[in-house]
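Colleague: Next come the chains, spelled out residue by residue.
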Amino acid sequence: MAKVKNWQLNREMEYPYEEKKPKKQITYVFDTNKCIACQTCTVACKTTWTSGKGEETIFFNNVETKPYGGYPQKWDVNTLKELNGQEWGKDGVYNGKTIFENESGERVTGWRPSERNYAFPNIGEDEVLGNMEKGAFFNGIHDIWMFYLARICNHCSYPGCLAACPRKAIYKREEDGIVLIDQSRCRGYKECVKACPYKKTFFNMVTRVSEKCIGCYPLIEQGEQPRCVTSCIGKIRLQGFMEDAKEPRRDNPFDMIVRIKKIALPLYPQFGTQPNVYYVPPVHVPKDFLIQMFGPNVEDAITLYRNMKDDKELLAAFMLFGNTPRIIHSYKAEENYAVGYNEIGDEIVRVPYVEPVLERPHWDAQFQTFRHNTP
Amino acid sequence: MNRILFLVLIAVTLQLQSVYAQNAAAGEKTFKATCNACHSIGKGKIVGPDLLNVNKRRTEKWLISFIRSSQTVVKSGDPVAVKLFNDHNKIPMPDQKLTDVQIKDVLAYIKSKSAPATPAKATAATKKPAITPPSTATKPSAKTTNKPTVVKQDDEWIDAEYKLKSYPVQQELNPKDLNAAFWSKIEALKLPVSPQTLAYPTLQMPSIDYLTVKSVYRPMEVAFLIEWNDSSKSNEVDVVKFCDQFAVEFPLNTKVIPSYMMGNKDGMVHIVHWKAIWQEDCEKGFQDVQVKYPNMWVDVYPGLESYLDRSKRVYAQDITSEMIVETHATGNMPGTYSHNPMSQIKRKYPVEEANAEGFGTLATQETQQAKAWAEWKDGKWKLCVVVPVNTGNRYKATFTDRTKVAFALWDGGFQNIGGRKHFIPWVDLFFQK
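Residue numbers (our numbering), protein chains in the order written: chain A, 19 to 393; chain B, 12 to 444.
Please keep in mind that the hints were generated in silico from the structure rather than gathered at the bench.
Note that the structure is predicted; figures quoted are calculated from it, not measured.
Any given hint could turn out to be false.
For lysine-lysine, the following DSS-like pairs were computed, each having C-alpha atoms within a straight-line distance of at most 30 Å [what the hints assert, rightly or not]:
1) K56(B) x K21(A)
2) K23(A) x K303(B)
3) K94(B) x K21(A)
4) K86(B) x K23(A)
5) K253(A) x K330(A)
6) K186(A) x K357(B)
7) K40(B) x K201(B)
8) K327(A) x K253(A)
9) K303(B) x K276(B)
10) K38(A) x K56(B)
11) K56(B) x K266(B)
12) K276(B) x K21(A)
13) K388(B) x K244(B)
14) K94(B) x K186(A)
15) K39(A) x K244(B)
16) K67(B) x K86(B)
17) K350(A) x K279(A)
18) K186(A) x K56(B)
19) K94(B) x K23(A)
20) K327(A) x K23(A)
21) K393(B) x K295(B)
22) K54(B) x K21(A)
23) K92(A) x K393(B)
24) K54(B) x K266(B)
25) K252(B) x K186(A)
26) K21(A) x K86(B)
27) K252(B) x K92(A)
28) K38(A) x K201(B)
29) K174(B) x K115(B)
30) K86(B) x K99(A)
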C-alpha cells in the first residue's frame with residue numbers, strides 16, 4: 019500500500035497505487051437546493067448510454083430522495099456500516115477508517131448489493147422523515163424534511179473500483195481524470211461492483227462484464243459538458259475541471275466554489291476515494307445528517323449559501339450553471355454580468371445577475387386586441 | 012581503499028561459496044517447489060519481494076522465523092516485517108513447514124544465485140573476469156535472461172509431490188461421454204486443494220477439500236475427468252451470483268517451469284477454463300434477461316424498433332440477445348461490441364482456452380479447440396475436459412513424455428471468482444505407453 023494525500027480528509031491515507039494526478043480532473047458541482055427530482059438527467063443519461071439489452075436496471079445517473087431513498091437500496095447506509103463508525107477531529111482531520119484501511123484482508127472494504135437492491139431505482143421517493151403532528155401548521159421552518167440527491171460516478175481521485183480490479187481493466191484517464199472500465203479487458207469478476215462505495219459500477223448480465231458512467235467523454239473531448247448537466251432543467255449542475263496539485267485559481271469557477279469558498283462539499287468524503295462531484299448541502303436539513311453526508315464544513319457552507327447574494331464573485335460562479343453546453347474554464351464577475359470563457363479564453367456565455375424585465379402592454383395596438391396570459 | 016575492501020569481500024564470498032555449494036542444490040529444489048511462485052532471485056518482484064541478496068539484508072535468524080510464520084513476526088511489531096507486509100499490499104506470506112536445515116539450504120541457494128550478480132558487474136569494471144564464481148558458467152545468471160536460453164530440455168524440472176499418469180486411448184475423446192468405458196479402468200488420483208492467498212483478491216473461506224482426477228491421451232489431445240464435491244450447483248448469471256468453475260493449466264513447454272499460479276513473465280502457461288454458466292448456456296440456451304426475469308417489461312430498446320411487431324405480439328422484451336448479435340446491432344451492448352470474449356453468446360463447448368504470464372494477465376486464445384462437458388448430480392460435479400496439446404500452435408502446451416499440470420476450482424455458492432479460488436500446484440503428468 020502506498021501513502022497518498024487526501025485533501026478532503028486533511029491527512030494521508032493508504033491506497034494500493036502511488037499518487038498520480040491527471041493533467042486536469044473532471045469536476046462537477048451540484049446544488050441540491052435547486053433539484054426537484056424531475057429525473058430529466060436520469061432519462062437523458064439512460065437513453066444516451068444504458069438503453070441496451072442487459073442494462074435494464076443500470077442507471078449511471080439517478081436522483082434519490084434522502085433520507086430513505088437509495089439506488090441501489092440503502093447503498094450508503096450499508097457502506098457506512100462496513101466502515102464501523104466515522105469520526106472527524108476538531109481540525110477537520112478524519113480520524114476514522116477509509117474503505118482502503120481495513121484489517122479484513124480485503125483490498126477495499128465494500129458492500130455487495132443484490133439484484134433486488136437495483137429493482138426499485140426510485141424507492142423512498144418523496145418520503146419525508148417522521149410524521150406531521152396532528153394540528154401542525156407551516157411556521158416558516160418545516161418540522162420534517164427530505165431532499166433530493168442527484169448522483170453519478172464521482173470520477174474519484176482514488177477510485178475504489180480501480181483499486182479492487184485484479185485485472186487492471188479500470189483506468190483513470192491522464193487527460194481529464196475520467197474513470198473508465200475497459201470493455202474489452204473486463205472479465206466480469208464484479209470486484210468493482212462491491213468496492214465502489216457509491217455503487218456506480220454495474221454488472222451487465224448480458225455482456226457479463228461491468229460498466230460505469232463514462233463522464234460523457236465523447237462530449238468532454240469536444241469541449242462540451244455531459245448530458246446529465248446540460249439537460250438539467252433546474253440548472254443545478256456545472257461541469258468543468260480542477261487541478262488540485264496547483265494553487266486554486268480565483269478565475270476558475272470550480273476552484274472558487276470548492277476550494278476557495280468551500281461552499282460545495284464532497285459526498286461521503288470519509289470513504290476516502292476523494293470524489294469529484296461536489297454538493298451544495300441542502301439548507302433546511304438537520305446538521306448531524308448533513309455532517310455525516312458531506313463532512314464537517316456543512317454549517318459554514320450553508321451560511322455562505324444563504325449570504326451568496328452579497329458575494330458577487332461567488333454569485334457569478336453560480337450564475338454560470340446551466341447556461342451553456344460548453345465547458346467553462348475561467349470566468350469573470352463583471353458589474354452586471356457573469357462571463358464564462360472556454361479553454362482558449364473566448365467568451366462563451368454571459369449571464370445577467372438580474373434578468374431584464376420586459377413589460378408588455380395589456381393592449382396590442384397592432385392587432386387591436388388585449389393580450390391574455392390564458393394558455 | 013575501496014578496491015582492497017572489495018577484494019576482501021570477494022575472497023570471503025568465494026570461501027563461503029564452497030561451504031554453501033553442497034546445500035544450494037537441495038535448496039534449489041525446495042525453492043522451486045515452495046518459493047518460486049511468489050519470489051524471484053534477481054528478476055524482480057512477483058508477489059513477494061525479489062530475494063536477490065536477501066542474505067545481506069537480513070540475519071539468518073530473522074529469515075528463519077519469518078519464513079516459518081511471517082504473520083507471527085509481523086504481529087510481534089517487528090518494524091522490518093511490518094513494513095514488508097504493508098509494502099506488499101498486506102498479502103500474508105503463508106507459513107512454511109520447513110526444517111531449519113531446509114531453510115538454510117534455501118538461503119544457501121539464494122546466496123549462490125545472488126553472488127554472481129553484483130560481483131559480475133563489478134568485475135567488468137575492474138577487468139578481473141577470473142573471479143566470476145564457477146556456478147555462473149553452467150547456470151544462466153539473472154543478467155543473461157535476454158540472451159538465447161542455455162537451459163537444456165527439462166533442465167529445471169523438479170519432481171512434484173503428486174504424480175498423475177495419463178493412459179493412451181484409441182477412440183475419439185468426446186467430453187459428453189462422461190461414463191466412457193475407459194474411465195472406469197483408471198484409478199483416480201485424489202489431490203488436496205488450497206485456498207488462494209498469494210495475491211489479491213484472496214479466498215478467505217475455502218469450501219472445497221479435494222478433487223479427484225483421471226487422465227487419458229491421444230495424439231494432440233489430453234483429457235481429464237475431474238470430480239469434486241459441491242453441495243450447490245451455481246450456474247446463474249447475476250450481480251450477486253457466482254458460478255462454479257474449473258481450470259487446468261500447463262506450462263507452455265517443459266524447458267522452463269513457470270509459477271503454477273498463472274505463470275510468470277517469460278513463463279507463459281496454457282489454461283483451459285470451464286464455467287458452469289457456460290455449461291448452462293450450452294445445455295439450455297443463453298441465459299437472457301427475459302429467461303432470468305420472465306415477468307420483465309421493457310418499453311423500448313432504442314435502435315431495435317424494427318424488431319417489434321405488434322400484430323404478432325412481439326414486444327421489446329421479446330427481443331433476444333441472440334437476435335441482436337446475429338444482426339450486428341450491438342451498439343448498445345458495449346462488451347459485445349468490443350468483442351470481449353466474456354460477452355460471447357454462443358459457445359460450442361462450455362470452455363475457454365487462454366494464456367497467462369502472471370496475475371491479471373489472462374488472455375483468451377484466438378484458436379479455441381478445447382472441449383468440455385459437465386454434469387452435477389447428488390452434490391458432485393463430474394467434468395471432462397479435453398485439452399489440445401502438441402498441435403504446433405505456439406500458445407498451446409508442448410511436451411514429449413511428461414509435463415506438469417496445475418488445477419483450480421471455484422465454488423460459486425461461496426462467491427468464488429477470479430483470484431478467490433482453490434488451487435493445486437504443479438502435479439507431474441506422465442504419459443504411459
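Colleague: Look at each hint and say if it fits the structure.
Modeller: Structure-based check of each hint:
A hinted pair counts as satisfied when its Cα atoms are at most 30 Å apart, and K56(B) with K21(A) qualifies at roughly 19 Å. The straight-line distance between the Cα atoms of K23(A) and K303(B) is roughly 45 Å, outside the 30 Å bound, and the hint therefore fails. For the proposed pair K94(B) and K21(A), the alpha carbon gap of about 12 Å is at most 30 Å, so the pair holds. For a cut-off of 30 Å, the pair hint linking K86(B) to K23(A) stands: about 27 Å separates their Cα positions.
For a cut-off of 30 Å, the pair hint linking K253(A) to K330(A) stands: about 19 Å separates their Cα positions. Annotation: proposed proximity of K186(A) to K357(B) holds, straight-line Cα distance about 27 Å (limit 30 Å). Among the hinted pairs, K40(B) with K201(B) is consistent with the structure: their alpha-carbon atoms are about 24 Å apart, no more than 30 Å. Between K327(A) and K253(A) the CA atoms are separated by roughly 17 Å; this keeps the pair inside 30 Å, and the hint holds.
Between K303(B) and K276(B) the alpha-carbon distance is near 41 Å, which puts this suggested pair outside the 30 Å criterion. For the proposed pair K38(A) and K56(B), the alpha carbon gap of about 21 Å is at most 30 Å, so the pair holds. Annotation: proposed proximity of K56(B) to K266(B) holds, straight-line Cα distance about 22 Å (limit 30 Å). Proximity of K276(B) to K21(A) is assessed by CA-CA distance (about 28 Å); at most 30 Å being required, the pair is judged to hold.
Between K388(B) and K244(B) the CA atoms are separated by roughly 9 Å; this keeps the pair inside 30 Å, and the hint holds. Simply put, K94(B) and K186(A) have alpha-carbon atoms about 25 Å apart, close enough for the 30 Å limit, and the pair holds. Distance hint between K39(A) and K244(B) is unfulfilled; the C-alpha atoms sit about 45 Å from each other, more than 30 Å. Distance restraint check for K67(B) and K86(B): the Cα-Cα separation of roughly 24 Å lies within the 30 Å cut-off, and the hinted pair is therefore satisfied.
Of the supplied pair hints, the one linking K350(A) and K279(A) holds, its CA atoms being roughly 16 Å apart against a limit of 30 Å. At most 30 Å may separate the alpha-carbon atoms for a hinted pair to count; K186(A) and K56(B) meet this at roughly 17 Å. For a cut-off of 30 Å, the pair hint linking K94(B) to K23(A) stands: about 19 Å separates their Cα positions. About 34 Å separates the Cα atoms of K327(A) and K23(A), which puts this hinted pair outside 30 Å; it is violated.
Straight-line distance between C-alpha atoms of K393(B) and K295(B) comes to about 18 Å, which keeps the hinted pair within the 30 Å bound. With a C-alpha separation of about 26 Å, the suggested pairing of K54(B) with K21(A) holds against the 30 Å cut-off. Pair hint K92(A) plus K393(B) does not hold up; C-alpha atoms about 40 Å apart against a cutoff of 30 Å. Note on K54(B) and K266(B): the hinted pairing holds, with a Cα-Cα distance of about 18 Å set against a maximum of 30 Å.
Taking the CA atoms of K252(B) and K186(A), the gap is near 22 Å; set against the 30 Å cutoff, the hint holds. Restraint check for K21(A) and K86(B): satisfied, since their Cα atoms lie roughly 21 Å apart, inside the 30 Å limit. Among the hinted pairs, K252(B) with K92(A) is consistent with the structure: their alpha-carbon atoms are about 19 Å apart, no more than 30 Å. Under the criterion of a C-alpha separation no larger than 30 Å, the hint pairing K38(A) with K201(B) is inconsistent with the structure, at around 48 Å.
A hinted pair counts as satisfied when its Cα atoms are at most 30 Å apart, and K174(B) with K115(B) qualifies at roughly 27 Å. A distance of roughly 27 Å separates the Cα atoms of K86(B) and K99(A); the hinted pair therefore holds under the 30 Å criterion.
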